[in-house]
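S.K.: If you're matching them up, the sequences are chains A and B in order. Residues 1 to 171, numbered by our numbering, are exactly what the first sequence covers, in order. Residues 1 to 162, numbered by our numbering, are exactly what the second sequence covers, in order.
Each hint should be verified, as a subset may be incorrect.
[To be verified] Derived SDA-like pairs (lysine to any residue); straight-line CA-CA distance at most 25 Å:
#1 136(A) <-> 69(B)
#2 137(A) <-> 112(B)
#3 151(B) <-> 121(A)
#4 136(A) <-> 70(B)
#5 109(A) <-> 144(A)
#6 108(A) <-> 71(B)
#7 75(A) <-> 104(A)
#8 108(A) <-> 144(A)
#9 137(A) <-> 109(B)
#10 151(B) <-> 69(B)
#11 100(A) <-> 81(B)
#12 109(A) <-> 117(B)
#13 104(B) <-> 74(B)
#14 151(B) <-> 153(A)
#15 104(B) <-> 160(A)
Just so you know, the hints here were simulated from the structure itself, not pulled from any lab data.
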Amino acid sequence: MNERMNERIYDEQRELRTQGVLSLLIHVEGVGNQPCVHGVRKPSRQPPCVHERMNERQKPIKTERSLHNMDEEFKVIDNYLMIRLPDEIDHHKSVDISAKADRYIVSKKVGNVVFDFERTTFMDSSGIGIILGRYKKISCFGGRVYAVNVDSRIRRILLLSGLQNIVEIME
Amino acid sequence: MIEIIEKKDVKTVSNEMRLEFAAISDNEAFARMVVAAFIAPLNPTLEELADVKTAVSEAVTNAVIHGYENRCSREDKVSMYCAIRKDVLEVVIADQGIGIENVKRAMEPLYTTRPELDRSGMGFAFMEAFMDELQVHSEPGDGTVVRMYKKIGLSSWIDSEE
Ligand SMILES: Nc1ncnc2c1ncn2[C@@H]1O[C@H](COP(=O)(O)OP(=O)(O)OP(=O)(O)O)[C@@H](O)[C@H]1O
Ligand SMILES: [Mg+2]
């Protein structure tokens with residue numbers, strides 16, 4: 001038990017190292033200057049290379065991230081919009097998810113939304129905002145909101161927010 | 001600016017760190033992972049780790065969205081201070097943004113001033129639920145300081161076991 005935990009903590013630390021480096025680089029390169037009011041960044045011109053070796057190391061991480069196609073996370077089946085939520089749901093990630101979900105709701109005229117938490121290991125109140133916001137958009141037409149693959153942590157957060165009356169948690 | 005470190009009690013601190021970062025949403029994940037790494041030596045359970053990460057995420061997100069009005073400008077800074085006393089973690093997250101007029105009302109569950117940004121008003125409620133203690137100090141126009149404490153459990157019984 002203890003060993004597994006140490007492993008997990010080690011993983012978190014490793015994650016921290018990569019993301020920390022990334023974060024600092026984002027800082028240095030001034031990407032943060034762009035407005036992100038709605039989470040949509042204008043594509044920026046490649047910033048000058050500040051530190052060649054670091055830049056090299058950063059490249060594969062960045063490419064992998066930008067190639068990650070959010071479209072694959074959204075699927076329409078009959079009258080249901082299925083959303084595969086990411087590993088971590090926070091404010092930074094939630095803006096894109098909500099905007100994209102709304103586009104699907106309007107353009108594909110879906111009535112119900114299913115949130116799939118299978119991959120999700122972290123969620124804060126931003127996740128509640130995603131669910132409530134979509135619920136408000138579809139409930140006036142009789143639409144419903146479902147949550148699948150909910151672990152005990154996500155369940156606790158949903159219950160703390162009183163969402164059990166709004167979301168149907170599927171076992 | 002409101003002083004984020006309380007002068008009393010500094011002698012019992014066994015470890016501490018201070019960090020300042022741009023108030024942009026990219027740094028929400030960065031901040032919570034820093035704190036997770038900082039408390040790793042205390043042998044936190046996965047549950048405790050998740051609790052602390054959620055609370056930090058809430059406070060930093062509030063600084064970005066509310067304190068600095070979602071400007072996402074590099075000029076705006078969030079400061080974070082962490083201290084460990086025995087097996088108790090103290091986390092302080094401060095901004096120099098717009099501040100809160102009525103802290104008591106702001107802390108009520110479901111109270112939000114930004115429903116149009118899909119905020120649900122659960123941030124303070126989560127900080128309260130996931131940490132042992134929560135203190136919020138704020139002055140309109142001056143900024144907000146959120147101070148949280150949590151006992152990180154496992155370390156004490158591992159010590160006694162050995
Ligand atoms: N750092 C801050 N600066 C200024 N105002 C704040 C700050 N933190 C919180 N507030 C105010 O307190 C209110 C409640 O905060 P809380 O985190 O509980 O909910 P929220 O951020 O609105 O929604 P959620 O956290 O669920 O996304 C906010 O709507 C905002 O008006
Ligand atoms: Mg909040």
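S.K.: Please go over all the hints and tell whether each is borne out by the structure.
M.R.: Taking the hints in turn, this is what the structure says about them:
no. : hint              : result
1   : 136(A) <-> 69(B)  : holds (24 Å)
2   : 137(A) <-> 112(B) : holds (19 Å)
3   : 151(B) <-> 121(A) : holds (22 Å)
4   : 136(A) <-> 70(B)  : holds (23 Å)
5   : 109(A) <-> 144(A) : holds (13 Å)
6   : 108(A) <-> 71(B)  : violated (32 Å)
7   : 75(A) <-> 104(A)  : holds (9 Å)
8   : 108(A) <-> 144(A) : holds (16 Å)
9   : 137(A) <-> 109(B) : holds (22 Å)
10  : 151(B) <-> 69(B)  : violated (32 Å)
11  : 100(A) <-> 81(B)  : violated (36 Å)
12  : 109(A) <-> 117(B) : holds (23 Å)
13  : 104(B) <-> 74(B)  : violated (30 Å)
14  : 151(B) <-> 153(A) : holds (19 Å)
15  : 104(B) <-> 160(A) : holds (19 Å)
Consistency note: the structure conflicts with the earlier hints numbered 6, 10, 11 and 13.
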